[in-house]
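S.K.: Chain residues, written in single-letter form:
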Amino acid sequence: MANELDLELVHDALAGDTAACAKIGGDEMCGWIQAVLVKRGASPTEAKDLTADVFGDCFGRLGDRPPLLKAYNGVGPLRPFLCRAALNRLIDLKRRQRFQGSLPSRSYEDAPTDEFDLLEGESDPASDDNLVNLLRDALIHAFEQCNARDLMLMRLVSIYGVRQESVAHALGWSQSKVSRAIVGVMAQIRASTIEELQKADPWLELDWTDFLGLCRNSTEFLVGISDQKH
Amino acid sequence: MDTNFQILHQFLDSFSPVGARSTDVVTPELETSLQSFAAGNIEESQLEDLSRELLANEMAMERLATLLKGG
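Going line by line, the protein sequences match chains A and B. Just add 573 to wherever you are in the first sequence, counting from 1, and you've got the numbering used here. Just add 7 to wherever you are in the second sequence, counting from 1, and you've got the numbering used here.
I should point out that these hints are in silico values taken from the structure, not numbers from a laboratory. All of these numbers come straight from a predicted model, not from anything done at the bench. It is possible that part of the hints are untrue.
[Unchecked claim] Chain B stretches covered by chain A per the calculated footprint, using a threshold of three residues with CB under 8 Å from any CB of chain A:
(1) 10-22
(2) 43-50
(3) 62-71
Quick reminder that beta carbons are idealized off the backbone N, C-alpha and C, glycines included.
Kindly generate the complete structure, drawing on both the sequences and the hints.
M.R.: Okay, here's the thing in structure tokens:
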């Protein structure tokens with residue numbers, strides 16, 4: 574496994590090895606996570622508090638949940654794993670802040686649900702992952718905006734490995750026309766995704782490279798699938 | 008191949024709501040359309056509807072890919 578050292582470190586920390594705990598929760602890792610959070614839109618104070626929360630959760634110090642580190646599967650490096658956890662907390666914090674001082678104004682008697690009911694639940698490990706929900710919803714929206722033909726061609730070429738030449742031949746197109754179609758659809762996915770993210774969480778600073786990295790890390794850490802392209 | 012698209016596809020495949028996933032049935036009519044596509048006999052006007060059908064049907068996509076690869 575590519576991240577065997579990280580996995581061993583986590584196992585040692587969970588077994589109570591103080592040196593391993595100190596390495597995971599040390600200044601270098603804390604500073605890195607805080608910097609990532611600030612880059613994504615957190616204030617320095619928020620970044621510091623959230624990082625402390627993450628390291629508390631790592632060893633199960635906060636609440637009655639199992640230690641966060643128990644969920645680390647070694648499929649990706651430890652740093653992005655902790656970054657995902659911190660970013661999830663940042664999204665949760667920012668969304669809670671959105672509701673502060675603006676309680677729903679509708680009549681509770683008349684309304685079966687209110688805004689708080691629409692927040693993510695806690696029952697399913699995948700469904701309560703704020704980050705996954707944010708990325709997924711933006712991406713689904715972006716795919717819906719795409720030209721169906723061009724998206725289908727992209728899938729044939731990129732997912733099923735059909736040669737552009739074969740697609741071009743079947744459609745009576747030039748190969749460059751196929752190429753332009755799939756390059757164009759990728760550009761549209763990128764633009765629509767970033768636009769949708771901005772609508773959903775305007776405070777969040779994510780560029781396309783960040784988005785791709787978070788999609789890949791989410792698949793690695795929550796599903797255990799790796800594309801081995803770090 | 009576009010590796011970025013592969014990352015996105017794998018992510019959506021892992022986290023899309025179950026109800027939004029493929030129906031995975033290739034009807035005889037659809038099979039005929041796929042063979043027409045692979046043989047270069049699909050009309051441009053049919054392509055948009057067929058594309059939407061394919062995007063919702065993973066098995067049909069696989070079948071078309073096989074046909075286009077000469078299978």
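S.K.: None of the hints should be skipped; say for each whether it holds.
M.R.: Hint-by-hint comparison with the structure:
1. 10-22: Holds, because 12 residues of the segment 10-22 of chain B bring their Cβ atoms closer than 8 Å to Cβ atoms of chain A.
2. 43-50: holds (count 5)
3. 62-71: Holds, because 4 residues of the segment 62-71 of chain B bring their Cβ atoms closer than 8 Å to Cβ atoms of chain A.
Of the numbered hints listed earlier, not one is contradicted by the structure.
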